[in-house]
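S.K.: Each chain, written out:
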Amino acid sequence: MNPVPILQIDAIEVLYEQAILAVCGVSLVVPQGQIVVLLGANGAGKSTTLKAASNLVRAERGEVVQGRILYRGEDVTRSTPHSLVASGLVQVLEGRHCFAQLTVEENLLTGAFARQVSRGQLKSDLERIYSQFPRLKLRRKSLAGYTSGGEQQMVALGRALMARPQLVLLDEPSMGLAPQIVEEIFEIIQQLNQRDGVSFLIAEQNINLALRYAQYGYVLENGRVVSEGTTGELVARTDIQDFYLGGGTAGKGAAA
Amino acid sequence: MEFFLEVLLGGLLAGVMYALVAIGFVLIYKASGVFNFAQGAMVLFSALTFVSLLERGVPFWLAFVLSLAAMVLLAVAVERVVLRPLVNRPPITLFMATLGLSYVIEGFAQALWGAQVHGLELGISDEPLELGGMLLSQFDIFAAVTAALLVLALSLLFNKTRIGLSLRAVADDPLAALAVGIRLQRVWVLVWAVAGFVGLVAGLLWGARLGVQFSLSLVVLKALPVLIIGGFTSISGAIVGGLIIGASEKLAEVYLGPIIGGGIENWFPYVLALLFLLVRPAGIFGERAIERV
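Taken in order, these protein sequences are the chains called A and B. Quick note: the first sequence uses this note's numbering, first residue 1, plus one each step. Quick note: the second sequence uses this note's numbering, first residue 1, plus one each step.
One or more of the hints may lead you astray.
The calculated lysine-lysine pairs, modelled on DSBU-like cross-linking and capped at a C-alpha distance of 35 Å, are [said to hold, decoys possible]: (1) B:K160 / A:K123; (2) A:K141 / A:K123; (3) A:K137 / A:K123; (4) A:K137 / B:K160; (5) A:K141 / B:K160.
Keep in mind the hints are simulated off the structure, nothing from the lab.
The whole structure should be built from the sequences, with the hints applied where relevant.
M.R.: What follows is the structure in structure tokens.
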């Protein structure tokens with residue numbers, strides 16, 4: 001394992017509106033070039049943990065009051081979202097959050113603004129995304145609000161990739177999508193990971209799917225890490241699946 | 001018939017003046033969801049700065065540039081002192097803040113430049129011009145052309161530049177804009193500065209018409225019905241709303257006035273706005289939320 005992980009979260013505590021404790025003492029590590037998943041039910045603190053790392057919690061009147069967050073070994077607990085994106089840490093929000101009134105292409109373009117690149121560079125980056133998501137090229141002039149859920153997830157992912165990220169924080173990429181589309185999206189994630197070396201921290205409720213693509217996982221419950229391990233270990237522990245996630249045993253075969 | 005057309009065109013041209021003030025509101029409302037009550041004070045402050053510089057012997061264009069610089073400084077100050085500390089507060093809090101802000105700006109303008117009425121001569125005569133048998137105010141035509149150029153410039157800014165795209169992104173979804181690395185605070189400064197610029201143009205035209213004085217900040221009240229009719233989120237809405245208000249108040253005054261006693265120009269727009277609120281609360285061009293089923 002690389003001695004300096006791309007992301008290291010040390011015992012953070014996150015408070016919303018100075019009163020609501022959403023995450024308490026969560027620690028996790030994303031090694032360089034790996035896919036790590038955060039598992040847990042609704043309200044377990046997955047989104048909050050991701051937003052703490054990208055520092056979007058403050059936009060929702062939240063604050064990291066304890067612990068620290070290291071990105072490539074540097075303390076970024078108080079960095080602005082803009083500087084994090086510029087240095088390669090990008091979050092794809094839960095529910096996709098495309099700019100509905102902007103076209104697909106405009107959505108993608110906004111992703112590159114933090115880097116301040118030339119027009120030519122912008123064009124070639126755009127082509128790179130289109131080669132990854134051919135479907136987006138066909139729909140480039142449509143308003144993002146009128147595209148399908150799967151296409152919106154691709155827009156959100158493509159928009160994040162326009163920032164040339166080293167670490168992508170993905171919040172519930174499978175939410176509300178047909179299983180076939182979800183597979184397609186996870187295939188793209190795996191490809192990005194293996195070919196371009198992008199690291200991922202993915203919050204996901206779909207445990208079977210997540211454990212199939214990731215290398216390591218953490219299980220959150222009530223804002224705490226209650227279990228962790230390699231995906232092989234987590235799959236083997238049926239109690240976790242049953243108890244925390246209420247899932248079946250279908251994932252075992254796929255991940256083995 | 002000719003008389004009708006004359007009244008209608010005169011009204012439409014006057015409506016452009018209302019639209020100018022309304023555009024300033026739309027810009028800020030779109031980008032930050034704040035109804036900026038201080039827009040009127042900004043109109044006053046910019047016009048007062050301009051006219052005071054002019055009276056001190058500063059050449060026209062230099063005075064224009066300096067006034068614009070003053071509006072940019074104001075935008076920076078507002079973002080630092082008002083918007084940043086109140087980020088994520090409910091809209092009503094921000095609205096109250098702009099209410100306070102309008103008094104601060106008015107007071108500051110008064111302390112800086114004094115409270116007397118200034119005349120402003122833009123060098124355009126207000127003599128009526130005869131066009132195809134109709135008498136139209138030269139000044140109104142000039143104002144309409146200025147407004148058209150301004151709108152053209154704004155639409156280029158919004159649709160053809162990166163800054164414009166960031167601005168539309170922030171208006172659409174601030175959290176997502178933040179997540180892709182757009183600097184919200186910078187966009188706010190920019191949009192307040194642009195609103196200040198629009199305020200300056202409106203202030204000069206209105207100032208030349210009414211004299212630069214403190215009642216200038218009350219033209220915002222005329223912008224309200226314009227916004228209700230056109231919608232708070234659309235620049236085209238502000239223009240169409242302005243035209244409707246301008247034309248209808250003049251027509252009402254001329255044709256309805258004699259029947260119910262005259263002087264209805266001043267309140268007719270509000271009645272119209274009230275009717276619109278009942279029928280179409282989002283306004284003609286108000287944002288249609290995209291909803292997929």
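S.K.: The structure should be examined with respect to each hint, and the outcome stated for every one.
M.R.: Each hint tested on the structure:
{"no.": "1", "hint": "B:K160 / A:K123", "in the structure": "holds, 15 Å"}
{"no.": "2", "hint": "A:K141 / A:K123", "in the structure": "holds, 15 Å"}
{"no.": "3", "hint": "A:K137 / A:K123", "in the structure": "holds, 13 Å"}
{"no.": "4", "hint": "A:K137 / B:K160", "in the structure": "holds, 20 Å"}
{"no.": "5", "hint": "A:K141 / B:K160", "in the structure": "holds, 15 Å"}
Taken one by one, the earlier hints all hold for this structure without exception.
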